[in-house]
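Listed below are the residues making up each chain.
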Amino acid sequence: MSALASKVGRSSDPLESEAADVALAAAGDGTAFERLYRRHVARINSLAEWMLGTPDTEDVLQDIFIRAWEKLGTFRGQSAFGTWLHRLAVNVLLRRRETDRVRARRYIAHEETLEQAEAPATGPQLWADIETAVERLPQRSRDVFVLHDVVGYKHDEIAEHLGITAGTSRSQLHHARMTLRKHFE
Amino acid sequence: MTDHWTERLSAYVDGELDREERGALEVHLTSCEACATAVAQLRQVVGWAHGYEGKPPKVDVWDAVARGIREREGSREESRHPPKRSGERVRRFVFTVPQLLAAGIALALFSGTAVGVALRAVGAGSGRTVVTDPALLPDEIPLGESFDIDGNDPWTVAVVTQLEEQYAEAIADLESLLREGQDKLDSATLRVIEENLRTIDEAVEQATVALRRDPAAVYLSELISVNLRRKLELLRDAAALVASET
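Chains as they are written, first to last, in my numbering: chain A, 13 to 197; chain B, -9 to 236.
By construction, these hints were calculated from the structure, which means they are not laboratory data.
Treat the numbers as computed from the prediction; the structure is a model and nothing was measured.
Keep in mind that a hint or two might mislead.
[Stated by the list, open to error] Example chain A residues on the side facing chain B (calculated, C-beta under 8 Å, incomplete):
1) A39
2) E46
3) A54
4) R55
5) P67
6) T69
7) L73
8) Q74
9) F77
10) I78
11) I142
12) D161
13) V162
14) R182
15) R189
[Said to hold, decoys possible] Sample of chain A residues at the chain B side, in silico, Cβ under 10 Å:
16) A38
17) L59
18) V158
19) H186
20) L192
Ideal placement from N, C-alpha and C gives every residue a C-beta, glycine not left out.
Let the sequences and hints guide you as you build the complete structure.
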């Protein structure tokens, strides 16, 4: 634990604790930043896997968290840190996708085959199966679903990021959800 | 289930239908089991997405992230300053004034008690401070660990002075407004405002004294900026309250 963190102690309130870690990290405390990393890396990793269509996310995760460290000073606390971080990650991921066109072969094979995402899930595998089903959604539906339902973007923001209309975004979201709902039958 | 409502179910779940369409759909749902089931399942999908905690990466990349930060901060420092003599220590502060203010907003969430504890701990004169320059750290010391560091740094003091100057005029104006309008506030409200102002002033004073003893303690300059901002916000609220009672 850093000197400052050990002096002020840790809050039991997760939001307050996170705000304190953000402030500490902005002041250069790497230990606090590591706590933020640990708290958010799994969700950011899933976001990266879904948006890049590959499980090989090490490189882009590094890029996202290094960029987050560099940009911490611009975080104004107007939204939750997680929201800010997700939006930063989406920007990095979309840029990465544009320049690298990272597409794993097995994900390409799944493209445009909604049926493969429809296999019903059972028992404790439910969540893992839904994760897989999200991976198997056609890319456009997956992008919209992830940006809207996981990250929290509005349709007009999604439209701007993906170069589509808000109506298309709504339609893709509907079809993605209608596909995924079968796992809750 | 392919009736004409099917395409509207997702928008319904998101609350995007207008009142008329929503009402019509809700009537439909009472008689269409398939659509009602679909709505329930769509809500489960949305709930799953909102609560999704993610999947850890195959390989933990923290070490690479920390190394990357050190390298970038180091190369940036080298390009900004000429090489120092061997053994000469430099200190680089990571804050600009806007960054201090940004950190201040987040730090405002600290309780007053926590701030007091921090101040007492710093005020005890440990002679140690948080290292903010990754380039200065030996490999075995992680970022953020306390580390002995020599010398004073006028930069921090200058930033604090600048912050105080930025706030001074606005604070003086608002204090004047509050003095003129304090008879419009009930005594309990006024007492709470005065107690909070006094607490903030004490925190600023303590941090300023501690900063003089340890000018390299970046956190103290943050505390001052946080408390000046809190004071400004409190005075603004109080002035607004006075105005609303006028």
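Status of each hint after checking the structure:
no.	hint	result
1	A39	holds (6 Å)
2	E46	holds (6 Å)
3	A54	holds (3 Å)
4	R55	holds (3 Å)
5	P67	holds (6 Å)
6	T69	holds (6 Å)
7	L73	holds (5 Å)
8	Q74	holds (5 Å)
9	F77	holds (5 Å)
10	I78	holds (5 Å)
11	I142	holds (6 Å)
12	D161	holds (4 Å)
13	V162	holds (5 Å)
14	R182	holds (6 Å)
15	R189	holds (5 Å)
16	A38	holds (4 Å)
17	L59	holds (8 Å)
18	V158	holds (8 Å)
19	H186	holds (4 Å)
20	L192	holds (5 Å)
No hint from the list above goes unmet by this structure.
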